[in-house]
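A.B. asks: These protein sequences, in sequence, are chains A, B, C and D. Letter by letter, the first sequence follows residues 1 to 491 of the working numbering. Letter by letter, the second sequence follows residues 1 to 240 of the working numbering. Letter by letter, the third sequence follows residues 1 to 122 of the working numbering. Letter by letter, the fourth sequence follows residues 1 to 83 of the working numbering.
These are calculated hints, taken from the structure and not from any lab test. One thing to keep in mind: the hints can contain errors.
[To be verified] Cut-off 16 Å, straight-line C-alpha distance, at most; resulting in silico cross-link-like pairs (EDC-like, lysine to aspartate or glutamate):
1) A/Lys164 to C/Asp115
2) A/Lys164 to C/Glu118
3) A/Lys361 to A/Glu409
4) C/Lys119 to A/Asp236
5) C/Lys119 to D/Asp25
[To be verified] Pair by pair, the computed Cβ-Cβ distance ranges are:
6) B/Ala12 to A/Arg155: 29 to 39 Å
7) B/Asp44 to A/His3: 22 to 32 Å
8) B/Asp44 to A/Gly490: 33 to 43 Å
9) B/Leu8 to A/Thr300: 24 to 34 Å
10) D/Ile18 to A/Met1: 37 to 47 Å
11) B/Leu187 to A/Ser58: 17 to 27 Å
[Claimed, not checked] Facing chain C, according to a computed beta carbon distance under 8 Å, are these residues of chain D, among others:
12) Leu14
13) Ala49
14) Thr64
The beta-carbon is built from N, C-alpha and C at its ideal position, and this holds for glycine as well.
As a plain string of letters, each chain reads:
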Amino acid sequence: MDHLAVLLTVIPLSGAFFVPMFGREGDRGYRVALGTVLLTTACAAALLVITGRGQAISYYVGNWAPPWGIEIRVDAFSAFLSFSFSLVYLAVIAYSARDVSHELNPAALRWYWSLMLLLLAGLLGVSSAADLFNLFVFTEIYSLAACGIISVRDRMDSLEAALKYLLLSAVAAGCILLGISLIYMVTGHLNYAHLATALPAAVATSPRTVLAAVALLATGFGLKSALFPLHMWLPDAHSSALSPASAVLSGIAVKAGIIALFRLFASVLSASPAVVRAMPTFLAVLAVGGMIFGALFAMTQTDLKRMLAYSTVVQVGYIYLAFSVLNPVALTGAILHIVNHALLKGMLFLSAGLIIHRTGKRRIADLQGIGREMPLTMIALTIGAMGMVGIPLTNGFVSKWHMVLGSLEAGQPLAAGVILLSSLFSALYYFPLVIAGWFGNPAAPAPARPEAPPSMLWPVLGLGAVSLILGIVPEPVVNVLGEAAKHLLGQ
Amino acid sequence: MRHLPALLLVVAIAYVLALTLTEAPAFGGLDVPARNEVMRFYLDEELDQAGIPNTVTAIIFDYRAYDTMGEATVLFTAVGAAAAVLAGHAGKLVARPMAATDDVILRIVSRMVIPFVQVFGIYVVVYGHLSPGGGFAGGTILGGSMALYLFVFGPKRTARKIPPAWGEIMEGAAAFWYVLVGLGGVLLGANFLANAAAGVPLGVQGQLFSGGAIWLIGLGVGVKVAATIVNLLVHLAGET
Amino acid sequence: MLSLDLFLRLNYLASIMLFLIGLHTMLTHANLIKKVMGMNIMETGIFLFLVSIGYAHGTLSPIIRQSGPEQGLIYTNPLLAAIVLTGIVIAVSTTAYALSIIIKLYEQCGTLDVDRLEKLRS
Amino acid sequence: MIGWFGVGCLVFLLVCAIVVARTRDLLAATIVFAAYSLVMAMTWQQLRAPDVAITEAALGAGVTTLLFLLAIARTRRTEDESA
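Produce the entire structure from the sequences given, and follow the hints as far as they go.
C.D. replies: Okay, here's the thing in structure tokens:
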């Protein structure tokens, strides 16, 4: 059964390799992609069952035990994230079947499926890596694939956004690789567990080198996950991509950098002297900046998808802030928020895609009365907006509640206050959208066939249903994550 | 002053790195932390465990073969992304595909040189476990020979020699070959990408067919890299 | 003392300078192809750093080794060579993909200048 | 590699990098970059990493240069766009 840990990344990789071989004609690429994601979801579900009992899987690739070979580590944390990411992916792939095919030419369409699977493989690889260089390789896979699914759309703004993203990713990759080489220089290890034992001695002999390495790694992964002053690539990239691609990029791909830093801190740095452990405090300051400035920018946007993209900057801030509190309850909230935001932002971008697909309207001001034309789409959009604001009974409320509780428990009322304030801000840019959509007066009479076809609609509503269930009965998930969070913090 | 943030970032990184430089272990020392038991293990045990004289190849294709699979995937991703970008309809400006040369000397010399380059490329791939080189360098040399053809005879004739569809299929098949070798380890009752631990015969050290799965993986990587280089250059040259 | 110290770390110094030159080119030049060149210089700087970590005076390269017990032969660190090989391949992939976007952008807009692209878009 | 040849290689690398960054002619920059990669390969050979040196000579100096040449052939040669 342990082989599942490696199959989690190998299945999507194989699917990506199959597309140019077997998926060349018609909708075969779609079928390969859907089958692959189904298999991946099953694999992640099995891993969740195994690791949910509290035992983590350490898999030694090629039977080489850690300091010599590569270790893959799947615990409840990564299994849960993998499972929820594959669920979102399932909805996005099912949605893409109709939305993407008429926008892309056949060659680009073929590679679109392949790149989507590569992105999934890269993300799952990042969340289960336990070796610094292996982490770097999978980071590169997902970054290149993420740029790729932006640039498949043959339009100037997508190409420019993809290039900007690619070049900044290259800077981030350079910082990460330099950080890894500095750490290797003073410790001689790449495996997480061995680094954790070797690092305190290295800090004693060369503290500045370790500190510089940590700073470089934080800069690199912060850039990849759009941490506040390094977020400038995100709005362009996420608003100019195809809607299903935006859903995946904004919902899942930005989280990879956070997950990588999370894992790095929990399994390597937390055992080191205080100087190195100062990283979360630093991240918290930037996170607060992102929550405030991101919200201000989101309020001034006129384009729906750009507004959603800026909202992602804010949500990334939440997750970093809750992580920096270093309290199991807050950490539970942070992990839950990673998943909730993936579900909600995925759903929001897909509903935006439905509206654009049907009416061609992208501007928020044009959406007056859209709820009467497309009620089901608007319901999904409303669930998403409510969750983002954190209204009780939505899943967004559950995660924010845990974040606030954890911050108070850890004696950091300031963090709790910032989280509450930022929720208030999100209401300021999400509520006008909902109110205009339901109660506004449409400028033009409703078109003849308002709603999008069911094959596009049910994935969106499915995500909505999962979010609602998570909001109303969160206990089972919270219990599993609470254990995982305690485990991550070594308590 | 438009570049002020960029300059600040560069200066900040320069300052941080300058600080580390003054306390870094001395260059070329024999007792630096990086020369620890991990490195000694590779150097002392590798000949018995993987059975090839090139330790770097053994690390790439055996100890850290999973990273190399990721690396082959990065190449695959780059080809896919580039192909998807360039497959689109021509933009406003007319694309200028690369033209063929009509220089007779170039044509005749390249016809003579290409087979030799290809033989050398195959040699570097196949003997990668015994001498410097290996799948990546050899595959590049193989791909380079076809690049020479492309540059002299133009994209149109190259596309007739190697249809773009073949290139893509080869790309996927060679990458999947890596996965297959990895799954072979699982079928033999060991872990993914296991070599000697799965009971793959290592052969006689120093012989051509030695190193077990290392040789198979190296072959696949050679084909993969050659296909990647050709695909990339053909796409960038236009006219596919 | 400091100068001798720096001389002994000349390789590290040079690789860090290459990294910074590349980074500076990448961030401040307006021309897109020049940015990609800067990226390549930055990455080779890191690779030089990695290879320099692995080197030790009086060592042999761990490539053509004979079986049997080695009599006092010492080798450079093979792990770093393996890491750099992977890194080089990743750098080339990124370069190829970036250049293909640049060609496509030029076909659509007729410029390689970031500032002009910015103007064209707004 | 404390020998003067090694130091000379490093100085050459730095000069090449600055020239690549400064020159306005993209084709010239590409050629200088190819020379830079070849000297880098020599440096790695001296640092006892022949595998890396061969790969750099083939990929860095060979393929990367070809990619830049193709990109320049299909776009423009100079950095100045006032014309």
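A.B. asks: Would you mind marking each hint as holding or not holding in the structure?
C.D. replies: Hint check results:
1. Distance restraint check for A/Lys164 and C/Asp115: the Cα-Cα separation of roughly 12 Å lies within the 16 Å cut-off, and the hinted pair is therefore satisfied.
2. Our distance criterion of 16 Å between C-alpha atoms is met by A/Lys164 and C/Glu118, whose separation comes to about 11 Å.
3. Of the supplied pair hints, the one linking A/Lys361 and A/Glu409 is violated, its CA atoms being roughly 45 Å apart against a limit of 16 Å.
4. Under the criterion of a C-alpha separation no larger than 16 Å, the hint pairing C/Lys119 with A/Asp236 is consistent with the structure, at around 15 Å.
5. A threshold of 16 Å between alpha carbons decides the hint, and for C/Lys119 with D/Asp25 the separation of about 24 Å lies outside it, so the pair is violated.
6. As the Cβ distance of B/Ala12 to A/Arg155 is approximately 36 Å, the hint placing it in 29 to 39 Å holds.
7. Checked against the hint of 22 to 32 Å, the pair B/Asp44 and A/His3 passes, with Cβ atoms roughly 30 Å apart.
8. About 34 Å separates the C-beta atoms of B/Asp44 and A/Gly490, a value consistent with the hinted range of 33 to 43 Å.
9. The hinted window of 24 to 34 Å between B/Leu8 and A/Thr300 holds, with their beta carbons roughly 26 Å apart.
10. In this structure the supplied range 37 to 47 Å is violated for D/Ile18 paired with A/Met1, their Cβ-Cβ distance being about 57 Å.
11. The supplied range of 17 to 27 Å is met by B/Leu187 and A/Ser58, whose beta-carbon atoms lie about 22 Å from each other.
12. The beta carbon of D/Leu14 is positioned within 8 Å of a beta carbon in chain C (closest approach about 6 Å), and the interface hint is therefore held.
13. Given the 8 Å rule on beta carbons, the hint for D/Ala49 holds: about 5 Å separates it from the nearest Cβ of chain C.
14. Taking 8 Å as the C-beta contact cut-off toward chain C, the hint placing D/Thr64 at the interface holds, the least distance being around 6 Å.
In summary, the structure is inconsistent with hints 3, 5, 10 from the numbered list given earlier, while agreeing with the others.
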